[in-house]
Amino acid sequence: MSTFRMWEVFAKADDGPFYKEQSEWMLKSFIPQMKRVIKEHDIKYDGKSIVNQDDALADRTWEAAKDFFISVGVYNQDTHRVMKFSEREVNEVLYTKRPKYMIGAGHDQRWLRVRSIEDKERRPFHLFSPDANFSTDIHKKACMAYLKEPLLDGLCAPLLEDFMGRKATSQNPTEVAAAMEHAMNLRDAQRLVGRPDVWTVSVGTAESAQAQIAAGNPVWGVRQSHLDGRMVSILTEMTTNNAMLNKSLHYRSYGNVFGNLCGAIFGGHAGGTEGTLILQTAYNIEGACLYGSCWALNFPFHLKWQSTTTRQLLWLQSVLSQAMSRNSNLIFLNNLFANAGPGTDQLYWECANHALATECCGGNPWGAATCRNKFTDMATPLESRFYHEVSEASFKSRLTRAKCEELCQKIMEKYEKLIPVDNYGKRIQEIYDMDKLTPRQEYLDQYERMRDELCKMGVEFPY
Amino acid sequence: MSSIAEVRQNMVDGDGDAAVALTNELIAGGTPAQEIMNGLTEEMGLLGEKFENFEVFLPDLMIAGDAFMQIMSVLKEHLVKASDAPSKTVIIGTVKGDYHDIGKNIVGIVLQASGFNVVDLGADVDPVAYLEAARKEKADVVGLSALMTTTMPGQEEFIKLVKDAGEKGKYLVCVGGAPTSVEWAERIGADVWSFDAFECAAKLKKLLG
Chain W
15 MSTFRMWEVF AKADDGPFYK EQSEWMLKSF IPQMKRVIKE HDIKYDGKSI
65 VNQDDALADR TWEAAKDFFI SVGVYNQDTH RVMKFSEREV NEVLYTKRPK
115 YMIGAGHDQR WLRVRSIEDK ERRPFHLFSP DANFSTDIHK KACMAYLKEP
165 LLDGLCAPLL EDFMGRKATS QNPTEVAAAM EHAMNLRDAQ RLVGRPDVWT
215 VSVGTAESAQ AQIAAGNPVW GVRQSHLDGR MVSILTEMTT NNAMLNKSLH
265 YRSYGNVFGN LCGAIFGGHA GGTEGTLILQ TAYNIEGACL YGSCWALNFP
315 FHLKWQSTTT RQLLWLQSVL SQAMSRNSNL IFLNNLFANA GPGTDQLYWE
365 CANHALATEC CGGNPWGAAT CRNKFTDMAT PLESRFYHEV SEASFKSRLT
415 RAKCEELCQK IMEKYEKLIP VDNYGKRIQE IYDMDKLTPR QEYLDQYERM
465 RDELCKMGVE FPY
Chain B
75 MSSIAEVRQN MVDGDGDAAV ALTNELIAGG TPAQEIMNGL TEEMGLLGEK
125 FENFEVFLPD LMIAGDAFMQ IMSVLKEHLV KASDAPSKTV IIGTVKGDYH
175 DIGKNIVGIV LQASGFNVVD LGADVDPVAY LEAARKEKAD VVGLSALMTT
225 TMPGQEEFIK LVKDAGEKGK YLVCVGGAPT SVEWAERIGA DVWSFDAFEC
275 AAKLKKLLG
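Chains as they are written, first to last, in this note's numbering: chain W, 15 to 477; chain B, 75 to 283.
There could be a bad hint or two in this list.
[What the hints assert, rightly or not] As a list, the in silico DSS-like pairs of lysine-lysine whose alpha-carbon atoms are at most 25 Å apart:
| id | chain 1 | residue 1 | chain 2 | residue 2 |
| --- | --- | --- | --- | --- |
| 1 | W | Lys428 | W | Lys388 |
| 2 | B | Lys237 | W | Lys318 |
| 3 | B | Lys237 | W | Lys181 |
| 4 | W | Lys410 | W | Lys134 |
| 5 | W | Lys318 | B | Lys124 |
| 6 | B | Lys124 | B | Lys210 |
| 7 | W | Lys49 | B | Lys237 |
[What the hints assert, rightly or not] So, partial list: chain W residues that the calculated Cβ filter (under 7 Å) puts toward chain B:
| id | residue |
| --- | --- |
| 8 | Lys111 |
| 9 | Pro113 |
| 10 | His283 |
| 11 | Gly285 |
[To be verified] Sample of chain B residues facing chain W (criterion: CB under 7 Å; computed from the structure):
| id | residue |
| --- | --- |
| 12 | Phe128 |
| 13 | Phe131 |
| 14 | Leu132 |
| 15 | Tyr173 |
| 16 | Met222 |
| 17 | Thr223 |
Derived by calculation from the structure, the hints in this document are not laboratory data.
Ideal placement from N, C-alpha and C gives every residue a C-beta, glycine not left out.
Start from the sequences and build out the full structure, keeping to the hints where you can.
What follows is the structure, given as structure tokens:
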């Protein structure tokens with residue numbers, strides 16, 4: 015089963031085992047199989063660690079994830095059938111997956127690739143992304159502000175909130191038009207800051223398949239082939255539908271280097287930390303087999319806080335990254351969703367911890383999303399800059415997992431108790447001069463102070 | 075261990091068949107159905123508290139909830155006369171265009187455990203389907219979940235539809251989901267917004283008496 019035989023994969027949606035209700039499949043297959051693999055593969059979390067240093071655990075996690083995916087399959091909500099993959103099919107997909115892609119063009123061409131634990135040669139791929147809605151009047155400017163960031167290798171641009179005064183609504187003309195406007199703004203922004211060929215993951219405003227398809231245009235919209243990326247989701251949990259399969263069909267036909275957007279929910283159907291870890295790892299295999307995706311964006315998040323920076327979730331991302339790096343050619347990125355918002359010290363600490371907990375484990379940073387992804391205009395390039403600079407510093411100074419564990423524990427002390435607090439900070443218009451597209455002095459001072467604090471703790475920035 | 079305690083344990087373990095067999099024995103032996111029901115509701119409440127504190131997780135809640143519904147199908151006929159007032163009915167669903175249902179499912183389980191009669195319309199629910207279900211079930215509450223910013227307008231669309239149909243005030247409209255907020259709920263004219271399933275159950279109990 016090659017990853018390119020998509021029609022054989024689609025046929026599974028019509029031929030697999032039938033469950034009238036998704037909840038029946040969940041109770042009869044998903045939950046008991048998850049309990050089994052946790053026990054059989056001896057997956058345990060001590061409740062304290064942040065950066066895993068146990069290679070054997072990483073390997074067992076990988077085996078548990080493969081076992082789980084093969085045993086459970088993927089539930090298709092439209093056909094009510096389970097799309098199952100044999101071990102041989104999975105192994106073939108894993109064997110034939112390419113470990114690197116050349117993306118973007120011109121002076122912004124980059125390698126997107128797998129990395130190893132404590133990698134000494136391959137720097138992380140810096141994907142900047144606020145993962146937040148922005149108002150229509152500042153959307154293009156916000157895109158420009160992000161594109162100005164020196165470390166940026168790729169951009170997933172802010173989403174558009176409205177179109178012509180109406181809220182962009184899924185499966186409605188406003189969504190299609192907002193998706194087109196988003197793509198146009200991004201192309202314009204790229205030219206205006208002198209980075210026309212940056213690889214962008216487009217377009218987040220388009221939730222539906224029809225809006226994604228409408229935004230694809232080599233002249234003014236999402237470009238073909240390696241020039242742009244796209245994303246298709248795995249629905250919670252281990253579920254898909256025909257709309258998702260349609261997206262994957264379009265992306266493949268359009269030739270994009272596209273990814274699989276996957277977020278297992280801590281406290282959700284997979285249970286606690288161990289189950290969520292196995293599920294999140296399985297999602298990377300699922301994306302490659304089901305959609306033929308070239309990479310995965312991992313955002314395992316907390317059921318209550320919708321963030322990825324709690325102790326359990328950082329450990330989870332750490333083991334996940336090691337399991338993938340040690341056992342597969344699958345390319346992946348790690349998504350930061352912080353609890354706090356722009357202009358707060360807490361946000362900087364959360365950014366630092368996510369960067370440190372993932373880079374040394376073979377991860378690639380994707381961020382920074384803020385304040386639980388709830389509010390419009392509540393993200394800035396400044397915290398993203400900090401996040402990626404810490405990740406780069408971790409790589410350049412060759413930080414080990416042991417050193418990162420020590421640093422992460424110290425940093426966790428600074429924000430763990432604040433997680434339940436609604437510390438949402440300020441809007442981009444307050445933090446940035448939106449004419450010059452530069453941070454205001456007060457917030458630059460805060461950024462410098464936070465860098466200094468990290469330096470004192472032992473993080474060496476390359477510049 | 076008393077027999078009701080055994081039913082409770084079977085329910086927590088998700089062994090619905092054993093719990094039903096034991097329930098039938100208890101009823102045949104003269105144990106009032108209401109007494110069994112009270113024990114089960116208390117147990118689900120305890121489980122809910124543990125879930126809120128991340129001591130147990132959704133699968134535990136789901137298998138217990140499934141067993142709870144199995145036992146309820148036996149208890150139902152014996153409870154009709156014992157109950158003073160019919161339980162309040164809540165229609166729930168994820169709005170049109172949105173296929174995420176975990177939040178809605180948790181709300182459903184918690185509301186059931188809190189004594190509400192829950193009618194789950196599933197995911198990707200058309201506003202008209204909510205309206206028709208509310209009429210058919212004589213709903214006390216309609217709950218709309220959304221996980222995407224582009225599907226949140228589905229909540230507003232339903233509220234407009236309710237107003238246009240002249241049915242505003244006939245039932246409470248409750249909205250929720252990760253990207254929603256109290257500000258959003260106020261802006262669209264929803265009656266209730268809650269941070270999570272437990273807050274939702276507490277608010278509805280307070281509002282509906």
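Checked hints:
1. W:Lys428 - W:Lys388: Cα-Cα ~23 Å, so holds.
2. B:Lys237 - W:Lys318: violated, 32 Å
3. B:Lys237 - W:Lys181: Cα-Cα ~20 Å, so holds.
4. W:Lys410 - W:Lys134: Answer holds: Lys410 of chain W to Lys134 of chain W is near 8 Å, not above 25 Å.
5. W:Lys318 - B:Lys124: The given pair, whose Cα atoms are some 14 Å apart, holds under the 25 Å limit.
6. B:Lys124 - B:Lys210: Violated: Lys124 of chain B and Lys210 of chain B sit about 35 Å apart, past 25 Å.
7. W:Lys49 - B:Lys237: violated, 47 Å
8. Lys111: This interface hint is violated because 27 Å lies over the 7 Å limit.
9. Pro113: violated, 32 Å
10. His283: holds, 6 Å
11. Gly285: holds, 4 Å
12. Phe128: Status holds, d = 6 Å.
13. Phe131: Check passed: Cβ of Phe131 of chain B comes within 4 Å of chain W, closer than 7 Å.
14. Leu132: Since chain W brings a Cβ to about 5 Å from Leu132 of chain B, closer than 7 Å, the hint holds.
15. Tyr173: holds, 5 Å
16. Met222: holds, 5 Å
17. Thr223: holds, 5 Å
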